[in-house]
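Peer 1: Now for the letters of each chain:
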Amino acid sequence: MERLSSPAELEKARKSIVSKRDAKKPCITVCSGTGCHAFGCEKVSTAFQNEIKRLGLEEKVDVRTTGCHGFCERGPLVVIRPRDIFYQRVSADDAAEIISETVLKNNVIDRLLYADPNTGKKIVHEHEVPFYAGQKRLVFGNNGYIDPSSIEDYLAVGGYAALGKVLSGIKPEAVIEEIKKSGLRGRGGGGFPTGIKWESCRNAPSPDGVRYIICNADEGDPGAYMDRSLLEGNPHSVLEGMLIGAYAIGGHEGYVYVRHEYPLAVKNVRLAIKQAEEYGLLGKNILGSGFDFSIRINRGGGAFICGESSALMASLEGKVGEPRAKYIHTVEKGLWEKPTTLNNVETWANVPLIINHGADWYTKTGTANSKGTKIFSLVGKVNNTGLVEVPMGITLKEIIYDIGGGIPGGKKFKAVQTGGPSGGVIPDSLINLPVDFDELTKSGSMMGSGGMIVMDEDNCMVDIAKYFIGFLEGESCGKCVPCREGLKRMREILDGISEGRGKEGDIDLLERLSTTLTDGALCALGSTAPNPVLSTIRYFRDEYEAHIKEKRCPAGVCKELITYQIIKEKCPGCGLCIKSCPAEAITSGGKKQPVILDQEKCIKCGACYDVCKLGAVKVS
Amino acid sequence: MVKLTIDGRECRAEEEKTILEVASENGIHIPTLCYHEEVSPYGACRLCMVEVTRKGRKRLVASCLYPVAEGLVVRTETPEVNNIRRTVIELLLARCPDSEVVQEMAHDLGVDKPIFSLEEDNHKCILCALCTRVCQEVVGVSAITLVNRGVDRQMATPFYDFSEVCIGCGSCSFVCPTRAISFEDVGDTRVITMPHVTMEFKLKKCSKCGKYWAPERQLEYIAKTAGIAPEAFDICPDCRD
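One line per chain: the protein sequences are A and B, in this order.
Everything in the first sequence is counted per my numbering, starting at 1 for the first residue and increasing by one.
Everything in the second sequence is counted per my numbering, starting at 1001 for the first residue and increasing by one.
Don't read these hints as lab results, they were simulated from the structure.
Listed below are the simulated SDA-like cross-link pairs for lysine to any residue, each with C-alpha atoms no more than 20 Å apart in a straight line:
| no. | chain 1 | residue 1 | chain 2 | residue 2 |
| --- | --- | --- | --- | --- |
| 1 | B | Lys1113 | A | Asp506 |
| 2 | A | Lys180 | A | Asp360 |
| 3 | A | Lys326 | B | Pro1067 |
| 4 | B | Lys1055 | A | Tyr327 |
| 5 | B | Lys1055 | A | Phe192 |
| 6 | B | Lys1058 | A | Tyr327 |
Since the structure is predicted, the reported quantities are computational estimates derived from the model, not experimental observations.
Turn these sequences into a full structure, and let the hints steer you where they fit.
Peer 2: Structure (structure tokens):
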């Protein structure tokens, strides 16, 4: 490929790519996101390729391995485009039939269709699947159409058009103005207005003119993987966002700081950088405009704290990844003391959209102070787990019930934890809460980077708080006293409560420690760390009190406070629980007689409870 | 120069200074354990937190790091500030119950009884990093560092062993606010005791009076960095003309 030397040449190249493609030609897209990889999607795509070769259909049918489609629960996912036929749980054995029946004869294979768990109705088209129908996939949508290793695929769907537009004569200040007007706020957790950040960075004095651009891809929240899927599935969109940002603030060097645990993301971004350089979209004199920008990848070493901007920059500089006070902002003195703009993956991926369609178009989606969409990783006790992109302002109820398909096993919804480990728990009573930056913060939680963990009646809120505080205790860098010592003490108190050693005053002490962290911790990890405790106390205080005063765990989770019992009337003595019990605490009570559970030997693992389909084991 | 108010008192200060420095210049006491004027501020102990109001916005900041600014209004004691200091000292008291300095400060802040279970084996170290900062920034050898993360954090030499680059100067001990590092010259040997390692250094004997007066490694280091002939240290300072 010859380097493109002007925006006009870029458009010409795009036209040439599109003209060589037949929009009507069947294309089998196989989701190759990390979730589908775990389900063995590679074998599926290989099977398709082999079958097409065998039938000599190379000219008539395309197979494309794409990034994550989001509906990870039902992987491996296959969509036959352009007809949009959606198959789920596809195996390599299905490939031949899909080609012979669906691709060649237009017949739909019923068994591979998605069935609505509530109505049982089979659904043929991807856009009609409730999981997708309720979403607005502006940022994430192209993931299902393009091969992340092909820059041509990205160009075919309009990629780098925003860069071309910007370099066709839009002044950097005007780009910043457009981003400011769009109301875009940082998707990594803080929610800081992106345009204002860029403006401050552009205006910050830099004697040698050096300004850095960083993409924060150190996504580390348990259960959250939207940035990973964006980088893996559509790396060029992130690079394009960074390029536009660099042009706007006057930066020439950029870094993608990505977790070491994301090898596919690293691979795809590395390839994308190389391709963009070959096309003249990165490097010197980009599209002949005189603008230079290069991007390097830096892999994180596995510390959660390195997602914090100042710790990330310290790590990039080769120092220990510890945060510093940001009284002098990183936009003024960031990486190597130079003005630095750091945005997260999803924020960067929003930028080309805004430039392409304009701020007025962008602001049509969202609420007063939260514009656009947000990608959430919807996980936990919900039928349809996966990545969902929704307009800001959508209610929790719509996400959990309409898109997520409700709670499995007919259980009752109890709460949803948003915002990652430092987020909070939002109870059932706030199910109609519109999801945006301000509403989530008001509820005692936060947007964070977009983790959304659904919990049902079987989740104990003390246990949840204990889990998250334990996580943060382990990830605290240990620099400041409130975070290092305070989290340890909070975890100890929570351990005590869940083990039946809770005492009067524990809740007050938790609240006092929380205030000390909120007010006194050095960085955002520490200052937001009490949220899981504060929000569970706020909404589930009675549950804490039941543990402390009555030594009872209402959800039946905290081992020291529960016993398992056999309901004799319901137990036919099938013995399934006997086999599952690792402590040999259950013995036969005779033929067709209820089994006998020895409380002395019981280790309260719950294996009998899980295995019994007759509900003959109860927790009390 | 900027004008600011600390506890109702108008102060004038140079722009690059921090609140803590300016308060100290004006005789206003702010407690701290991790600050020392010879090394860069670190902001770890959080005892020096104060309330600042700037452009109508109130927030709590670490005064050792926060730069003064025109019109800044600082209050060094508010209920929120006192809550942080009190809880921090309670946490440190539980961590290092044997440290007299922590005990005294706890007493001054109205904390007489520990509320958390007391820890053992922390050897009075509050992880303020003054020792590592002085070793790196002032001495310039980086013989010690902080290792591990979070609650497992420790001040240590590489591999908890004799540090090959340590010159035995004892600056770490000098700067340690809680006396977690001590040193003693016994005969011809200097013994530096740190929380997780004890190191011994041979002392140089004065060729005139016969007194052991400084670690040989330290003298070699000074000679090398200052470009002085090693023989210059054959005689101790007391015996020089």
